[in-house]
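My request is simple: use the sequences and hints to build the entire structure.
Heads up: the protein sequence lines correspond to chains A and B, in order.
Per the numbering used here: the first sequence = residues 129 to 516.
Per the numbering used here: the second sequence = residues 298 to 552.
Just to be clear, a hint being listed does not mean it is correct.
Mimicking EDC-like on lysine to aspartate or glutamate, the simulated pairs with C-alpha atoms at most 20 Å apart in a straight line are [claimed, not checked]:
#, chain 1, residue 1, chain 2, residue 2
1, B, LYS330, B, GLU522
2, A, LYS130, B, GLU432
3, B, LYS500, B, GLU462
4, A, LYS307, A, GLU152
5, B, LYS315, B, GLU522
6, A, LYS131, B, ASP436
7, B, LYS418, B, GLU383
8, B, LYS414, A, GLU416
9, B, LYS329, A, GLU152
10, B, LYS489, A, ASP308
11, A, LYS307, B, GLU490
12, A, LYS131, B, GLU432
13, A, LYS307, B, GLU443
14, B, LYS365, A, GLU416
15, B, LYS463, A, GLU152
16, A, LYS130, B, ASP436
17, B, LYS504, B, GLU304
18, B, LYS411, A, GLU416
Treat the hints as calculated values from the structure; they're not laboratory data.
Predicted model, so just to flag it, every value in this text is computed and none were measured.
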Amino acid sequence: MKKSYFGEFGGQFVPELLMPPLIELEEAYEQIVGSTEFKEEFNNILKDYVGRPTPLTFCKNLSKELGFNLWLKREDLAHTGAHKINNTIGQALLTKYMGKKNLVAETGAGQHGVATATAAALLGLKCIVFMGAKDVKRQAPNVKRMELLGAEVRPVYSSTQTLKDAINEALRYWISHQKDTHYCLGSVVGPHPFPSLVRDFQAVIGKEVKQEFLKKNNKLPDHIIACVGGGSNAMGIFYEFIKHKEVKLTGVEAAGTGTPNCYHSATLNKGSLGILHGTKTYLLQTNEGQILPSHSVAPGLDYPGVGPEHAYLKDTKRAEYKSVNDDQALYAFRLLSEKEGIIPALESSHALAWALSLKNKVPSDYNVVVNLSGRGDKDLNIVFGNIE
Amino acid sequence: MSVNSLEALFIQKRQLGKKCLIPFLPGGYPDKKKFWELLFSMDRCGADIIEIGVPFSDPVADGPVVEKASNICLENNISLSWILDELKSNRDKLNSEIVLMGYCNPFFKYGWEKLAKDAKKAGVSGIIVADLPLEESMDIRTLLTEHHISLIYLIGLNTSLHRMEKYAKVAQGFVYFVSVLGTTGARDNLPKELQDKLIEAKKIFPKPLAIGFGIKSPSQTKEIEQWVDGIVFGSSLIEHIDRYKEVETFFNNWK
Ligand SMILES: Cc1ncc(COP(=O)(O)O)c(C=O)c1O
Numbered sequence: 129m130k131k132s133y134f135g136e137f138g139g140q141f142v143p144e145l146l147m148p149p150l151i152e153l154e155e156a157y158e159q160i161v162g163s164t165e166f167k168e169e170f171n172n173i174l175k176d177y178v179g180r181p182t183p184l185t186f187c188k189n190l191s192k193e194l195g196f197n198l199w200l201k202r203e204d205l206a207h208t209g210a211h212k213i214n215n216t217i218g219q220a221l222l223t224k225y226m227g228k229k230n231l232v233a234e235t236g237a238g239q240h241g242v243a244t245a246t247a248a249a250l251l252g253l254k255c256i257v258f259m260g261a262k263d264v265k266r267q268a269p270n271v272k273r274m275e276l277l278g279a280e281v282r283p284v285y286s287s288t289q290t291l292k293d294a295i296n297e298a299l300r301y302w303i304s305h306q307k308d309t310h311y312c313l314g315s316v317v318g319p320h321p322f323p324s325l326v327r328d329f330q331a332v333i334g335k336e337v338k339q340e341f342l343k344k345n346n347k348l349p350d351h352i353i354a355c356v357g358g359g360s361n362a363m364g365i366f367y368e369f370i371k372h373k374e375v376k377l378t379g380v381e382a383a384g385t386g387t388p389n390c391y392h393s394a395t396l397n398k399g400s401l402g403i404l405h406g407t408k409t410y411l412l413q414t415n416e417g418q419i420l421p422s423h424s425v426a427p428g429l430d431y432p433g434v435g436p437e438h439a440y441l442k443d444t445k446r447a448e449y450k451s452v453n454d455d456q457a458l459y460a461f462r463l464l465s466e467k468e469g470i471i472p473a474l475e476s477s478h479a480l481a482w483a484l485s486l487k488n489k490v491p492s493d494y495n496v497v498v499n500l501s502g503r504g505d506k507d508l509n510i511v512f513g514n515i516e
Numbered sequence: 298m299s300v301n302s303l304e305a306l307f308i309q310k311r312q313l314g315k316k317c318l319i320p321f322l323p324g325g326y327p328d329k330k331k332f333w334e335l336l337f338s339m340d341r342c343g344a345d346i347i348e349i350g351v352p353f354s355d356p357v358a359d360g361p362v363v364e365k366a367s368n369i370c371l372e373n374n375i376s377l378s379w380i381l382d383e384l385k386s387n388r389d390k391l392n393s394e395i396v397l398m399g400y401c402n403p404f405f406k407y408g409w410e411k412l413a414k415d416a417k418k419a420g421v422s423g424i425i426v427a428d429l430p431l432e433e434s435m436d437i438r439t440l441l442t443e444h445h446i447s448l449i450y451l452i453g454l455n456t457s458l459h460r461m462e463k464y465a466k467v468a469q470g471f472v473y474f475v476s477v478l479g480t481t482g483a484r485d486n487l488p489k490e491l492q493d494k495l496i497e498a499k500k501i502f503p504k505p506l507a508i509g510f511g512i513k514s515p516s517q518t519k520e521i522e523q524w525v526d527g528i529v530f531g532s533s534l535i536e537h538i539d540r541y542k543e544v545e546t547f548f549n550n551w552k
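Here it is, written out as structure tokens:
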């Protein structure tokens, strides 16, 4: 297996002009990210600035109702309110070590954009964020946050004016500014080394879960559930457990409205093999290989591709991938708010909704950990638009 | 391997002291009927190689002009099959060499093997894939070679000597030198480093060199002329077509 691949998935399908910065990044990944100096600095920022380790919360009320033990990995309590910050701190720090001064990023919902702008502010880097013009409108508060943090937000008007177009534009920008700019990609997608690099920065989630769960229960959890957009929070929590075959891993995709033929984001469940944004993976596409628009009530899941390592975990059956629709996610969103006093991100609500479906299907001593990838304050407009 | 038709054409042009003129037009642009009229017209007006663009929804190597044109083609339901089918029936009427240019995914979905066969039948002599660098290309190159189709590689201002040497070992047909560190789209000025880099490339590649991306007018290419064997124009041609609905006056400029 080539190191840029996970089985038949992955690779570096980019214009030749992007190969030099990718090779430079590969070298930095291999030489810097593993070094003691980098690790120490990274871990210190995670601890003192991001607020790690994040708690592992036992859901007392819901567990009683569900008839099994439900735990939440609280990425919503990380600085900026989602797991995205783990990756942006890592990449921004790497950018400094590489001697580059600027970051460019894409964002859909604005969460990764905010996290990138935050890391840039902390580490003294300049930051440009491309965002689909539609998302700029839908996610106006996050645009303001990014601007407040000193980033420049550039709306993208091409094609569907959403996340995939923002990635196209960030890649184009990177082609012409590669000398002094690093592309801070927001999920485990894109060309090698991004899927591995982002996974490694997010792997702290699973490591903490394992340590804390062992400490509390003297054993490993039975089942881990995470939502999958590009797949970074899921890879982050899965990675440590892949070698523990007895731990079941479930990724949950967005089925959209759930009506027949609706647009959705359930790439692993319903997509087919193809090549987008530099990587070979499952995609939502036509028979002619044109990328289809995606949809989810959760803006962060709204992407027509998925990380190549998830494609590999699916095909090798190490993880299973399910989907839940908008209504199921909205139900879980309200339930967790009411029963546990935690407002989850709509993305994370998808993972939670799948966990709820295990009621009456698992024994009472069954331990389920849901990755609560973010908090839901950002989603109130969407939810009240839908619920009322 | 025997000299293929693309290489033979470059040799022939060189003997006449001329550059290959290589227009790029997305398949089915601006509509299905007009596309063929423009193609025949370019063929008459002195195009040596015509690059037919295979439209893709997410063209990361392209600037706004080509991206917009591709989107119009997609709205008109242009597909790779349509391009190949039409080409098969019209190929006899064209003197130019035909090359396809596109992105991996539509080719991959079609199937590389089927593409190689059908492209051969349609009289295509080469394929340019904007997002297929050396590392990912070897199996595909082998497949295309079996059907006598050249895989035409792109290199650029940031391609190191070392990478150029690797490309030189596998290059077929001609080498496409991207003249700007950026996406397609006409520029007023070409970068200063271009000349030195072309001289370097010329030493390394035994195959003909064509430059493209950013080319707008013959005055731009004067200074670098002696190191290139062909000139590709896309965005500037599309803009001309959008404005004047014809190609004759555009080509007159270049003769
Ligand atoms: C809270 C939250 N969870 C999940 C995601 C989905 O991304 P990924 O699948 O890479 O974790 C996002 C993306 O914006 C997000 O904001």
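Which of the numbered hints above does this structure break? The structure breaks hints 1, 9 and 13; every other hint is satisfied.
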